[in-house]
Amino acid sequence: MMRVAFALAVREFVRFIRQPQRVVGTVAQPILFWLFLGSGFSSSFRAPGMEQVSYLEYFYPGVMLMMMLFASIFSSITIIEDRDAGFLQSVLVAPVSRMAIVLGKVLGGTAIAMVQTLIFTIAAPFLGLHLGLASLALLIGAYLLTSVGFAAMGFYFAWGMRSSAGFHAVMMVFLMPLWMLSGALFPIERAPFWLHVLMTINPVAHALVLLRSPFYQAPEQLFGDSRYLIALAVTVLWAAVCLLGSMARVEKRDKGVAPSA
Amino acid sequence: MIDIQHLTHVYPGSRKLPPRTAIADLTMAIGEGEFCILTGPNGSGKSTLFRILCGMALPSAGRIRIGGHDLLAEPAKARAQMAVVFQSPAVDKHLTVGENLRLHAALYGLSRSDLAGRMDEAVSWSDIRDRLQDKVENLSGGMARQVELAKSLLTRPRILLLDEPTTGLDPSSRRSFLSALHKIQRERRITVLMTSHIFAEAEDADRVAIMRKGELLALDKPQTLRALLGREMVVVQSRLPEQLEARIRADLKLHTRRHGDEIRLQETDNGASLPILEELLARYRSDIDSIAIKQPALEDVFIHLTGKTAAEIERENLETVSP
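Protein chains in written order, with the numbering used here: chain V, 19 to 279; chain F, 406 to 728.
The set of hints was computed from the structure by calculation and includes no laboratory data.
Some clues are possibly wrong.
Stated by the list, open to error - Only pairs whose alpha carbons sit at most 27 Å apart, straight line, appear in this in silico DSSO-like list of lysine-lysine:
hint	chain 1	residue 1	chain 2	residue 2
1	F	K618	F	K421
2	V	K270	F	K482
3	F	K699	F	K626
4	F	K482	V	K273
5	F	K540	F	K498
6	F	K626	F	K588
7	F	K658	F	K618
8	V	K270	F	K540
9	V	K273	F	K658
10	F	K626	V	K273
Unchecked claim - For each label pair, taking beta carbons as the anchor points, the in silico distance ranges come out as:
hint	chain 1	residue 1	chain 2	residue 2	range
11	V	E269	F	R591	35 to 41 Å
12	F	R420	V	F144	56 to 62 Å
13	F	D666	V	Q39	41 to 47 Å
14	F	R420	V	A187	20 to 26 Å
15	V	L154	F	G573	40 to 46 Å
16	V	F24	F	H411	41 to 47 Å
17	V	G178	F	G573	17 to 23 Å
18	V	Q39	F	H411	30 to 36 Å
19	F	N447	V	Q47	17 to 23 Å
20	F	D609	V	H186	34 to 40 Å
21	F	S545	V	Q39	21 to 27 Å
22	F	S545	V	F59	30 to 36 Å
23	V	L154	F	A521	25 to 31 Å
Note that the structure is predicted; figures quoted are calculated from it, not measured.
Idealized CB from N, CA, C, for every residue including glycine.
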């Protein structure tokens with residue numbers, strides 16, 4: 019199964035590399051967002067408990083999250099394209115497990131997101147953020163987990179869709195708000211109560227905790243911090259549910275109904 | 406090799422649409438090494454049958470055995486013997502021919518050493534053997550089709566299913582694709598089931614199945630199907646068609662129709678046209694450029710069996726749109 023998933027993931031990655039506009043777009047867009055919004059809001063932004071942190075720095079893990087979101091969106095759109103072009107049916111009739119089909123797409127999307135976020139991690143020292151090896155390992159683990167979660171969620175939504183236009187609607191009313199309400203743009207603490215509730219049940223907000231914490235707390239501290247551990251549990255659960263949900267969708271065949279007598 | 410028994414497929418209805426029967430109690434068998442063409446008007450259930458055979462849809466009722474294995478009970482074993490070529494391209498055009506073949510091999514669990522041996526066998530017959538490094542998007546339509554066929558041959562299938570594989574190809578690409586397909590089918594003793602709308606393709610098949618409204622109307626050799634109509638006609642070409650036509654009518658009291666420089670005599674029962682041809686040659690040899698007995702084409706048989714004019718079929722299609 020892993021060989022099939024790996025072959026499909028490699029295809030995904032090769033396709034990405036062969037479309038330079040996609041590479042430029044996915045790398046440059048979050049960086050532009052980060053620089054423009056980060057610099058623009060810097061003078062007016064104060065996060066409770068993070069008074070020394072500039073908005074450029076506050077927004078930094080949020081941009082990583084955004085990169086993963088976009089990588090997931092693009093790879094989900096390729097599901098619709100694959101179905102349209104006909105490639106998907108040859109995968110569906112092959113004797114491969116459904117999990118391999120899901121994992122192939124998800125790992126492909128994850129690999130793309132990983133490349134981008136790892137490049138972006140280079141910016142950390144310029145913000146005065148320093149990472150030990152253990153923290154870096156935790157951070158990369160968080161990248162992996164979050165990317166898988168996003169990619170699997172995108173897969174779940176895109177699978178049944180017939181047009182990429184329809185997927186754009188899902189993206190704007192569902193995926194983007196998940197990101198906006200994750201604490202990527204503004205801290206949870208000062209939000210109005212109803213927003214606070216939404217943000218607490220948002221799994222992406224928990225993923226952001228995993229991304230942000232390694233910059234500010236030592237690894238041994240993190241594993242004693244209930245907030246971090248809860249975030250870890252929620253994110254793992256989120257990724258697993260999305261993966262299993264996607265698999266169930268792939269498994270579904272159209273079945274003829276019993277002939278009426 | 407393919408044994409279908411009492412197959413029925415009913416698409417679930419919705420609030421606005423009642424359930425629709427796409428295949429109604431279909432029973433047919435295709436023997437080993439046979440080249441069978443499946444044809445029928447749009448909405449006749451061809452595509453549904455095809456989707457069921459490749460495991461993309463589960464039928465409402467009925468049994469299918471593929472090479473001795475029950476498709477519904479042992480799908481993996483049944484499907485392992487089959488390869489499928491779809492109507493829409495199933496290759497990734499951003500990848501090279503070689504990459505596509507390798508990806509396909511991975512999907513079917515072929516090891517690297519298996520692939521090395523089979524790569525040549527899969528492409529040796531084709532024009533793509535020298536273009537493995539080219540991206541599929543840079544190939545012609547005909548060559549892209551060859552990639553599809555090559556891909557399906559990698560798994561050494563005993564059964565090959567093709568869904569209108571020549572759609573969108575120019576006549577010469579179509580001919581070369583089909584002759585390659587026939588050659589491979591004979592040499593490797595593969596059972597082929599191919600759907601097609603093009604009756605010229607059906608003429609070379611071992612047997613032709615004609616479906617309508619989910620039922621099998623006929624399954625027989627092309628010549629037997631043609632004999633079903635039991636009619637033939639003499640066709641004459643002449644430099645002076647009008648004068649010749651007038652003389653045939655006056656001398657022989659036969660009905661004729663003229664299309665350009667071609668005179669078509671009335672249809673007769675099989676065998677009755679030969680004496681007419683001899684008579685015409687004896688009388689008007691100097692005025693005749695060419696003369697032949699025209700057998701009905703499979704298309705005529707199709708129209709006869711499905712009992713519809715093109716307009717009627719069109720109207721039906723509007724009522725039952727295939728999904």
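Evaluation of the provided hints:
| no. | hint | in the structure |
| --- | --- | --- |
| 1 | F/K618 / F/K421 | holds, 21 Å |
| 2 | V/K270 / F/K482 | holds, 20 Å |
| 3 | F/K699 / F/K626 | holds, 18 Å |
| 4 | F/K482 / V/K273 | holds, 21 Å |
| 5 | F/K540 / F/K498 | holds, 6 Å |
| 6 | F/K626 / F/K588 | holds, 19 Å |
| 7 | F/K658 / F/K618 | violated, 43 Å |
| 8 | V/K270 / F/K540 | violated, 33 Å |
| 9 | V/K273 / F/K658 | violated, 61 Å |
| 10 | F/K626 / V/K273 | violated, 33 Å |
| 11 | V/E269 / F/R591: 35 to 41 Å | holds, 39 Å |
| 12 | F/R420 / V/F144: 56 to 62 Å | holds, 59 Å |
| 13 | F/D666 / V/Q39: 41 to 47 Å | violated, 58 Å |
| 14 | F/R420 / V/A187: 20 to 26 Å | holds, 23 Å |
| 15 | V/L154 / F/G573: 40 to 46 Å | violated, 53 Å |
| 16 | V/F24 / F/H411: 41 to 47 Å | holds, 42 Å |
| 17 | V/G178 / F/G573: 17 to 23 Å | violated, 28 Å |
| 18 | V/Q39 / F/H411: 30 to 36 Å | violated, 54 Å |
| 19 | F/N447 / V/Q47: 17 to 23 Å | violated, 45 Å |
| 20 | F/D609 / V/H186: 34 to 40 Å | violated, 47 Å |
| 21 | F/S545 / V/Q39: 21 to 27 Å | holds, 26 Å |
| 22 | F/S545 / V/F59: 30 to 36 Å | violated, 54 Å |
| 23 | V/L154 / F/A521: 25 to 31 Å | violated, 41 Å |
The structure fails hints 7, 8, 9, 10, 13, 15, 17, 18, 19, 20, 22 and 23 (numbered hints given earlier, in ascending order).
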